[in-house]
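K.L.:
In case you want the letters, here they are:
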Amino acid sequence: MDMIFNIKGNVLIAELFGELDHHAAGQVRTDIDQAMEAYGTANLVFDFSKITFMDSSGIGVILGRYRKLEPEGGKVAIASCSLTVRNILNMAGIFSIIDYFDTAEEAIAYLTGKEE
Amino acid sequence: MIMEKILKIQMDAVLENQGLARALAAAYVSEMDPTVDELTEIKTAVSEAFSNAVIHGYPGDMQGSVYMEFAVVSPANVMIKITDHGVGIEDIAKAMEPLFTTDTGDERSGMGFTVMESFTDRIKVDSRPGEGTTVTMIKKLDTYYDF
Ligand SMILES: Nc1ncnc2c1ncn2[C@@H]1O[C@H](COP(=O)(O)OP(=O)(O)OP(=O)(O)O)[C@@H](O)[C@H]1O
Ligand SMILES: [Mg+2]
Chain E
3 MDMIFNIKGN VLIAELFGEL DHHAAGQVRT DIDQAMEAYG TANLVFDFSK ITFMDSSGIG
63 VILGRYRKLE PEGGKVAIAS CSLTVRNILN MAGIFSIIDY FDTAEEAIAY LTGKEE
Chain Y
3 MIMEKILKIQ MDAVLENQGL ARALAAAYVS EMDPTVDELT EIKTAVSEAF SNAVIHGYPG
63 DMQGSVYMEF AVVSPANVMI KITDHGVGIE DIAKAMEPLF TTDTGDERSG MGFTVMESFT
123 DRIKVDSRPG EGTTVTMIKK LDTYYDF
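Note that the protein sequences, when read in sequence, are chains E and Y.
If you want our numbering, it's the position in the first sequence, counting the first as 1, plus 2.
If you want our numbering, it's the position in the second sequence, counting the first as 1, plus 2.
Honestly, I wouldn't trust all of these hints.
[Claimed, not checked] As a list, the in silico EDC-like pairs of lysine to aspartate or glutamate whose alpha-carbon atoms are at most 20 Å apart: (1) Lys-52/E x Asp-39/Y; (2) Lys-77/E x Asp-39/Y; (3) Lys-77/E x Asp-4/E.
[Stated by the list, open to error] Which stretches of chain Y does chain E cover? Using the computed rule of at least three CB atoms under 8 Å from a CB of chain E, they are: (4) 17 to 28; (5) 74 to 83; (6) 132 to 140.
I should point out that these hints are in silico values taken from the structure, not numbers from a laboratory.
Just so you know, even glycine gets a beta-carbon here, dropped at the ideal spot from N, CA and C.
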């Protein structure tokens, strides 16, 4: 699966392209963790606007990153999911611990604003 | 229950085949003129059952096959059966609970069965330790209009 990373201040934005399934999830996890490490960013935005398919593997990817960043005071936000993807994330109660935004811009504004 | 247009497929139990398993399900169901949402839900349910068969049915270096069976149940239901001949499940009810996982790492959410349940109309899991697992799902399609 293709990903594009962008950095805004202390926020890493991971834009995911295509199908996120259990097969793709392993690489996605490693790539995000390596990018967080390499750029030294504390906060993470998942931009799901270009995701065409996601199964429960996505829940694991998001929760795994959350559990890594949260103890160090880092924040995770999710942006721009399709209705089905939101439905799946909702089943796992993700939105009770992680904030959702309609666009990546709003998520970034929220996280960068929060730092100051 | 009268089943028609039966299609049986045998695939290697490797995660690389997960996308293909979804695509095959989509191709089969497309003939029944599903809505976009129904198609996504079926693809997702198949994706969950297939990955469970590969990851949990054949753990570690264990090799094997995943068997998929599709059938149309009149007038507009699709039945999908996904079978592995792997390690099987000790406690099926427990395995199907939301957030239950036997994964010891931090990366599996235990939501696969919950997703299958909410995206299909019926689900049945048959399993025996040492013999394998069959997940049978039935989805009713909203394509049959009875004016
Ligand atoms: N085909 C199978 N063979 C053996 N055990 C299985 C099989 N399918 C599921 N299980 C067991 O049931 C548990 C729950 O499965 P479920 O798909 O709900 O969650 P998961 O696979 O652990 O996590 P997720 O699907 O969210 O990544 C698994 O952890 C596994 O122990
Ligand atoms: Mg699973």
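K.L.:
The structure should be examined with respect to each hint, and the outcome stated for every one.
P.N.:
To see whether the hints hold, each was checked on the structure:
no.: 1; hint: Lys-52/E x Asp-39/Y; result: holds, 17 Å
no.: 2; hint: Lys-77/E x Asp-39/Y; result: violated, 32 Å
no.: 3; hint: Lys-77/E x Asp-4/E; result: violated, 23 Å
no.: 4; hint: 17 to 28; result: holds (count 5)
no.: 5; hint: 74 to 83; result: violated (count 0)
no.: 6; hint: 132 to 140; result: violated (count 0)
This entry does not satisfy hints 2, 3, 5, 6, going by the numbered hints stated previously.
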